[in-house]
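Novice: Sequence:
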Amino acid sequence: MAAIAPTSNKSALGSSGINYALLKWAFKARPDRFTLIYNVSISLGYHPWKDTLVVIVPKPHKPNYSLPKVYHPISLLKSYGKLLEKIIAKRILSDAHTYDILPNSQFGSRDYHCATDAALCLVHHAQAAVKCQFIASVILFDISGFFDNINIERIVQIFCNLGFAPHLCSWVQSFLSDRQVRLSFNGFKSDPITLDHGTPQGSPLSPILSALFTSPLLKLINTTWKCRGLNMYIDDGTIFSCGVTHIHSAELARKGFSEITGWLVRNGLKADPEKSEFISFAPNLSKARIGGVVTDIRLSDTFGNYGVRHSDIICYLGIFIHHKFQWKHHATIMANC
Numbered sequence: 000m001a002a003i004a005p006t007s008n009k010s011a012l013g014s015s016g017i018n019y020a021l022l023k024w025a026f027k028a029r030p031d032r033f034t035l036i037y038n039v040s041i042s043l044g045y046h047p048w049k050d051t052l053v054v055i056v057p058k059p060h061k062p063n064y065s066l067p068k069v070y071h072p073i074s075l076l077k078s079y080g081k082l083l084e085k086i087i088a089k090r091i092l093s094d095a096h097t098y099d100i101l102p103n104s105q106f107g108s109r110d111y112h113c114a115t116d117a118a119l120c121l122v123h124h125a126q127a128a129v130k131c132q133f134i135a136s137v138i139l140f141d142i143s144g145f146f147d148n149i150n151i152e153r154i155v156q157i158f159c160n161l162g163f164a165p166h167l168c169s170w171v172q173s174f175l176s177d178r179q180v181r182l183s184f185n186g187f188k189s190d191p192i193t194l195d196h197g198t199p200q201g202s203p204l205s206p207i208l209s210a211l212f213t214s215p216l217l218k219l220i221n222t223t224w225k226c227r228g229l230n231m232y233i234d235d236g237t238i239f240s241c242g243v244t245h246i247h248s249a250e251l252a253r254k255g256f257s258e259i260t261g262w263l264v265r266n267g268l269k270a271d272p273e274k275s276e277f278i279s280f281a282p283n284l285s286k287a288r289i290g291g292v293v294t295d296i297r298l299s300d301t302f303g304n305y306g307v308r309h310s311d312i313i314c315y316l317g318i319f320i321h322h323k324f325q326w327k328h329h330a331t332i333m334a335n336c
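Numbering that gives the first Met the number 0 numbers the first residue of the sequence shown as 0 and each following residue consecutively.
The hints are simulated quantities; they were obtained by calculation from the structure and are not laboratory data. Worth double-checking, as some hints may not be accurate.
As the list claims (entries may be wrong) - With a straight-line cut-off of 25 Å between C-alpha atoms, the simulated BS3-like cross-links for lysine-lysine are: (1) K225 to K130; (2) K9 to K89; (3) K9 to K58; (4) K85 to K9; (5) K27 to K9; (6) K23 to K85; (7) K49 to K23; (8) K68 to K225; (9) K58 to K188; (10) K9 to K49; (11) K89 to K27; (12) K130 to K323; (13) K49 to K89; (14) K323 to K274; (15) K218 to K58; (16) K9 to K23; (17) K77 to K188; (18) K49 to K77; (19) K225 to K254; (20) K77 to K89; (21) K58 to K269; (22) K61 to K9; (23) K188 to K49; (24) K58 to K68; (25) K9 to K188; (26) K89 to K23; (27) K68 to K85; (28) K77 to K130; (29) K77 to K27; (30) K274 to K254; (31) K269 to K218; (32) K89 to K218; (33) K225 to K269; (34) K68 to K23; (35) K68 to K254; (36) K254 to K218.
Claimed, not checked - For each label pair, taking beta carbons as the anchor points, the in silico distance ranges come out as: (37) T294 to Q179: 46 to 52 Å; (38) Q126 to P30: 50 to 56 Å; (39) S310 to A20: 44 to 50 Å; (40) G291 to G267: 38 to 44 Å.
Think of the CB as a built atom: it goes at the ideal place given N, C-alpha and C, for glycine as much as any other residue.
Input sequences plus hints: build the corresponding full structure.
Specialist: Pasting the structure below:
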């Protein structure tokens, strides 16, 4: 009842054409049937409702609609399958909080954490470094196609290694495997396409599974790095470093980026070069320092090298942050995007 009550009766229909209003009526009439079906599904380790209709919607006010990135895919899942996924997600989140499964540096896909917390954590790190007369450097990066390219076998293995029950591990394996997707665009519907990778966007279960996928990286980084760190908000990453000079601090951040992109490539992922940003914070930027201010940074991964210019303002998770702080007060957070 707790899972179905807050659902909206106006949610878009999946391929079955059944909405939450009908499900609420059926649940009120025979709640025992829902409990029986869902319990059997979990105990058998099998998720029966995996086909998805993906509607391709153009983003507004784009100059060139011949590019794939100007279109937004919206996944329409079957409501009764989505309800079961919501129940499983609640169970996993409860265990994640009880047993401290997710690192504290993961700010997404969990209760009592939000994008504002991630931004304030970044501001706090910068303030603390500058107060101690260090130079702080920050590289923002985004994992390209994160949900669509997650390796299924690896996420299931991570899930099992965390100690979840075998039948729940089997259910997650079934949920992610052999999914059928049909694309809908301009009135045309494609034939079913079988997917063997990724987590389905639009599912309540995808965010927490995706956060678990990067948890080994966060645990490794935060136990081995010195004078730098990594925070994540699902697929948005923040590398923070501090050093005695601009060059030293920027080099620490650059090396950290190379280590992270190496891990991403080994796990079938990559960073999006177009979404990388670089900013630095200093006690007094007007004073000359050894080596001078770093105006751009050269980042590299297995796909090539590219430069990222130093920014005076970055937009991190919808919040603008300026490189000049009011150190007697709070850092300058200008406005929401």
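Novice: Give a verdict on every hint.
Specialist: These are the hints, each one checked on the structure:
With a CA separation close to 18 Å, the supplied pair K225 and K130 stays within the 25 Å bound. A C-alpha spacing of about 22 Å is found between K9 and K89, which places the hinted pair at or below 25 Å, so the restraint holds. Proximity of K9 to K58 is assessed by CA-CA distance (about 22 Å); at most 25 Å being required, the pair is judged to hold. Among the hinted pairs, K85 with K9 is consistent with the structure: their alpha-carbon atoms are about 18 Å apart, no more than 25 Å.
Of the pairs offered as hints, the one joining K27 and K9 holds, with about 19 Å between alpha carbons and a cut-off of 25 Å not exceeded. Taking the CA atoms of K23 and K85, the gap is near 15 Å; set against the 25 Å cutoff, the hint holds. As the CA atoms of K49 and K23 are separated by approximately 21 Å, the hinted pair is consistent with the 25 Å bound. Between K68 and K225 the CA atoms are separated by roughly 37 Å; this puts the pair beyond 25 Å, and the hint is violated.
For the hint pairing K58 with K188, the CA-to-CA distance comes to about 20 Å; that is within 25 Å, so the pair holds. Proximity of K9 to K49 is assessed by CA-CA distance (about 21 Å); at most 25 Å being required, the pair is judged to hold. Between the alpha carbons of K89 and K27 the distance comes to roughly 21 Å, so the proposed pair stays at or under 25 Å and holds. Of the pairs offered as hints, the one joining K130 and K323 holds, with about 13 Å between alpha carbons and a cut-off of 25 Å not exceeded.
Under the criterion of a C-alpha separation no larger than 25 Å, the hint pairing K49 with K89 is consistent with the structure, at around 19 Å. With a CA separation close to 22 Å, the supplied pair K323 and K274 stays within the 25 Å bound. About 37 Å separates the Cα atoms of K218 and K58, which puts this hinted pair outside 25 Å; it is violated. For a cut-off of 25 Å, the pair hint linking K9 to K23 stands: about 13 Å separates their Cα positions.
Pair hint K77 plus K188 holds up; C-alpha atoms about 17 Å apart against a cutoff of 25 Å. With a C-alpha separation of about 8 Å, the suggested pairing of K49 with K77 holds against the 25 Å cut-off. Using a Cα cut-off of 25 Å, the hinted pair K225 and K254 holds, with the two alpha carbons roughly 12 Å apart. Distance restraint check for K77 and K89: the Cα-Cα separation of roughly 18 Å lies within the 25 Å cut-off, and the hinted pair is therefore satisfied.
This hinted pair checks out: K58 and K269 have alpha carbons roughly 24 Å apart, not beyond 25 Å. Among the hinted pairs, K61 with K9 is inconsistent with the structure: their alpha-carbon atoms are about 28 Å apart, more than 25 Å. Distance check on the hinted pair: K188 and K49 sit about 17 Å apart at the alpha-carbon level, within 25 Å; holds. The straight-line distance between the Cα atoms of K58 and K68 is roughly 9 Å, inside the 25 Å bound, and the hint therefore holds.
At roughly 23 Å between alpha-carbon atoms, K9 and K188 fall within 25 Å of each other, so this suggested pair holds. Simply put, K89 and K23 have alpha-carbon atoms about 19 Å apart, close enough for the 25 Å limit, and the pair holds. Restraint check for K68 and K85: not satisfied, since their Cα atoms lie roughly 29 Å apart, outside the 25 Å limit. At roughly 53 Å between alpha-carbon atoms, K77 and K130 are farther apart than 25 Å, so this suggested pair is violated.
For a cut-off of 25 Å, the pair hint linking K77 to K27 stands: about 19 Å separates their Cα positions. Note on K274 and K254: the hinted pairing holds, with a Cα-Cα distance of about 18 Å set against a maximum of 25 Å. For the proposed pair K269 and K218, the alpha carbon gap of about 19 Å is at most 25 Å, so the pair holds. Distance hint between K89 and K218 is fulfilled; the C-alpha atoms sit about 23 Å from each other, no more than 25 Å.
Note on K225 and K269: the hinted pairing holds, with a Cα-Cα distance of about 24 Å set against a maximum of 25 Å. Using a Cα cut-off of 25 Å, the hinted pair K68 and K23 is violated, with the two alpha carbons roughly 37 Å apart. Distance check on the hinted pair: K68 and K254 sit about 29 Å apart at the alpha-carbon level, beyond 25 Å; violated. A hinted pair counts as satisfied when its Cα atoms are at most 25 Å apart, and K254 with K218 qualifies at roughly 18 Å.
Range check, T294 to Q179: Cβ separation about 50 Å, and the 46 to 52 Å hint holds. Here the CB-CB span from Q126 to P30 is close to 52 Å, well matched to the stated 50 to 56 Å. A beta carbon spacing of about 48 Å between S310 and A20 agrees with the range 44 to 50 Å that was offered as a hint. The hint said 38 to 44 Å for the Cβ distance between G291 and G267, and at roughly 39 Å that hint holds.
This entry does not satisfy hints 8, 15, 22, 27, 28, 34, 35, going by the numbered hints stated previously.
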